[in-house]
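Trainee: With chain R's structure known, arrange chain U with the ligands on it following the hints.
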Amino acid sequence: MKRSDGLRVAAASLIENPLRTFLTLLGIAMGVTAVIFVVSMIEGLNRYMGEKVAKVGSSSFTVQKYGILTSHTEYAEARRRNRGIRHEDAEAIRRFASDVERVGIQRGWGVSPKYGSRSVSDVQMLAQDYDAYLIESPDIAQGRGFSQGEVQRGALVCYLGWEVADKLFENRDPVGRKVRLWGRGFVVNGVAKKQGSILGHSQDNFVSIPLGAFEKIFGSRRSINLIVKAKDPLRMEEAVDEVRMVLRARRHLRWDEEDNFGVITPDSLMSFWRKLTQMIFSVALFVVGISLVVGGIVIMNIMLLTVVERTREIGVRKAIGARQKDIRFQFLAESVMLCAAGGVVGVGLGWLLAYLVRTITPLPAAFPLWAPILAVVVTSAVGIFFGLYPARTAADLNPIEALGREAC
Amino acid sequence: MNDILLDLKDIWKTYDLGATSVHALGGVSFEARRNEYIAIVGPSGSGKSTLMNLIGCLDTPTKGRYLLNGRPVSEMDDNELARARNEEIGFVFQTFNLLARQTAQRNVELPLVYSGMPRSERVERATEALEAVGLGDRRHHRPNELSGGQRQRVAIARALVTRPSLLLADEPTGNLDTEMGREILSLFDRLHEQGNTIILVTHNPDVAKHARRVVSLLDGRIESDTGNGARR
Ligand SMILES: Nc1ncnc2c1ncn2[C@@H]1O[C@H](COP(=O)(O)OP(=O)(O)OP(=O)(O)O)[C@@H](O)[C@H]1O
Ligand SMILES: [Mg+2]
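Chains R and U, in that order, give the protein sequences.
Letter 152 of the first sequence, counting from 1, is numbered 152 in my numbering, and no numbers are missing.
Letter 48 of the second sequence, counting from 1, is numbered 48 in my numbering, and no numbers are missing.
The reader is advised that the hints may include incorrect statements.
[As the list claims (entries may be wrong)] Derived CB-CB ranges, DEER-like:
| hint | chain 1 | residue 1 | chain 2 | residue 2 | range |
| --- | --- | --- | --- | --- | --- |
| 1 | R | I15 | U | R163 | 29 to 35 Å |
| 2 | R | E309 | U | G26 | 34 to 40 Å |
| 3 | U | E75 | R | I384 | 29 to 35 Å |
| 4 | R | K2 | U | G148 | 32 to 38 Å |
| 5 | U | G136 | R | P18 | 27 to 33 Å |
| 6 | U | E75 | R | K2 | 25 to 31 Å |
[Stated by the list, open to error] Among the chain U residues that face chain R by a calculated CB cut under 7 Å, a handful are:
| hint | residue |
| --- | --- |
| 7 | N53 |
| 8 | M76 |
| 9 | D78 |
| 10 | A82 |
| 11 | R85 |
| 12 | N86 |
| 13 | F91 |
| 14 | N97 |
| 15 | L99 |
| 16 | L110 |
[To be verified] Take a look, some chain R residues computed to stay more than 10 Å from chain U by CB distance:
| hint | residue |
| --- | --- |
| 17 | F169 |
| 18 | N171 |
| 19 | R177 |
| 20 | N205 |
| 21 | D256 |
| 22 | W273 |
| 23 | K275 |
| 24 | M337 |
| 25 | P368 |
No wet-lab data here; the hints were simulated from the structure.
Glycine included, each C-beta is placed from N, C-alpha and C at the ideal position.
This is chain U alone, in the form it adopts within the complex:
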């Protein structure tokens, strides 16, 4: 199996605002291998979220080539993008983005609903995922009955339940206090040890320390890419 999971070459994302145009990304090239743990850092407006959305198949680049697991995302139509999001990507958001009226269990099942998995199997997988993030006893709670850290763990369980190739997290600790943030980060560490590939966006240098590789963005370009020799 190919060891390279992500392959971005000269990626541009340009927003046309009539008179002017904004280059949210101006030629980003970057590769990631399986089981890497990468932090993307940079000042506000530097293009971190834009890059994450592209990697997460929520968006397509204006220009450039993006291969995910060897498949060209830049050429995918809506159905294929949806399928890639479902099968290849697990997304964790700063604001959790759980469905408020559904139990933790149902929230975690949701990606499997869209992949068409039969109900009984779904329930089993979701239960497993919730147990893996330490919420086996909170399965039937709704988000408003859970703490922020617990909500984020539900969101992580939801991201992992399809066994994706890549876990993406945009400021996953941004809405949590230090204690809960630490809880989430140690969960990420464990997931990384278990073989998951993780990319997270953060402002916080302490958070970035957990990653083995730090990619620093400035004005839509990669300013530096350092770490424990993950770069080839």
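Isolated chain R (complex conformation):
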């Protein structure tokens, strides 16, 4: 028998029993749906994190009192050991780190800016020195940002995120008007371009002021954050190492002591993220593994049942010239088609689910091409593995006994 005829025979028997076919492949399909969905979501988040959150490929990183803390013990330990970052640390880095182009200082804080009787709460206040302002280099859509003189003087000026400007001023032009913070008036120099949101978190909900102005009001004793820009994006790691060496030396850390400050690079953010998603991914893989085994056993059972049910048919086929391998191929093809169809249905459903989530929630989703290919390959392998025994059972049937089934 030709292979194409064998496939046709197998396909025909699947089409003849659509309900059985559907129910049988359901188990496999569900597992694949789960994993394709998870993969699509993780892949989407990965790309998103890389581009928007960690800003992979940018050449700056931050230095702050705490790094990325992933456990409660790490947190307790850091609370005990870590020391704040001071202006002198920034000075030392500027002086000694040769791979570093610029060191900016900034502080963050939640505020409720007011204009007249209007007020917006939960706004992110960003106090920047001129270096931080240059590294940030915000896109100003209306008016202007800061001048060097304003920042050095600690002038009471600001620029607003698009959302804050919109809420406080509505249709009026905010440039030149005064926003009140902590009871003081800050002249609005300009409004930054609308940036949209990341994972549902608005990026336009901020007000930036010169660091000097902030410190005039609150003093300069608190810990600051540093934004460090490397001279060469390709020499980020060297820049990070230099900065760490300078800070460790200033803090007299012995070689075997851990850093008592945090450095957050796009890479460290991404690797933290990857660690997180790997966990989710391995759970998903475990789930799909179980569902493939269960689905495979279901298929094996159904196939064995089919063999019993079709014993006479097998006898007839043998009596008119089917070889053992023809019968084996027919049943194996059936089980592989069942499994692979389950895989395809699963990929479709998984994609549909991820697409729906992407459409109705702020979560991103991406559809990597390797996922469906892998799904079909793996489910076909499951089909072969669990189909082999039923197929062999069918092929080994004695034709006379198979034909004589009706006798009893």
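Mentor: Okay, now just chain U with the ligands, sitting in the frame of chain R:
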């Protein structure tokens, strides 16, 4: 070409049932030439079906030598037996044994599928075979849309479609009423006239009358072998 189609010498088929063993066939020797029409008769349990299964290459003897078209069946492996069943033998069963979900056409094509014939040729041959048994207008019917006699004719078309050397029928009229049985037997007569070699098993003396030679089995042995001088 050798005129002798079947050559069975001292064929034994023994079923081992642990303590005892049953000799379904106990030393059967028998020859058949091309274009013979033979009826095998005998009481129930005398070994008729066992002998047919051996001749039809569905089974191999415990002992003895069987030459089909000069080739030793008793030494064939599964693949060779399958091929012999496909090319040399056309089997007609008491219960038709058609595939219920396939049309008459598809049922008749099936042996050609296993011989690897291309589709277009297959369709043509199956159509011819169905026309030869008078079912040219029922090609696209499924078995449950056909009468018993028509089903058996589909089965005969399926048996003939590979142009086998030998047509075997085990109680082909056993499941049919007299009228339909007569229809099938006259078809056999015609096929015999056209040069086919036919061996059929029957209980029914009226059916056996159609054959030119009657082989009578008793307890796994040939009791008598009579007819119109076909025996050498
Ligand atoms: N698989 C088997 N195992 C054991 N004994 C068997 C087996 N098949 C057949 N026999 C025995 O072999 C003998 C011949 O059986 P066979 O089926 O050839 O008889 P038969 O002549 O076709 O009878 P019937 O006219 O009832 O169909 C019987 O005694 C039967 O019990
Ligand atoms: Mg019998």
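Trainee: Hint by hint, say whether it matches the structure.
Mentor: Results of checking the hints against the structure:
no. : hint                       : in the structure
1   : R:I15 / U:R163: 29 to 35 Å : 31 Å, holds
2   : R:E309 / U:G26: 34 to 40 Å : 37 Å, holds
3   : U:E75 / R:I384: 29 to 35 Å : 34 Å, holds
4   : R:K2 / U:G148: 32 to 38 Å  : 33 Å, holds
5   : U:G136 / R:P18: 27 to 33 Å : 32 Å, holds
6   : U:E75 / R:K2: 25 to 31 Å   : 28 Å, holds
7   : N53                        : 5 Å, holds
8   : M76                        : 12 Å, violated
9   : D78                        : 5 Å, holds
10  : A82                        : 4 Å, holds
11  : R85                        : 5 Å, holds
12  : N86                        : 2 Å, holds
13  : F91                        : 5 Å, holds
14  : N97                        : 5 Å, holds
15  : L99                        : 6 Å, holds
16  : L110                       : 6 Å, holds
17  : F169                       : 76 Å, holds
18  : N171                       : 74 Å, holds
19  : R177                       : 82 Å, holds
20  : N205                       : 66 Å, holds
21  : D256                       : 74 Å, holds
22  : W273                       : 55 Å, holds
23  : K275                       : 55 Å, holds
24  : M337                       : 17 Å, holds
25  : P368                       : 40 Å, holds
Hint compliance for this structure: hint 8 is the single one not met.
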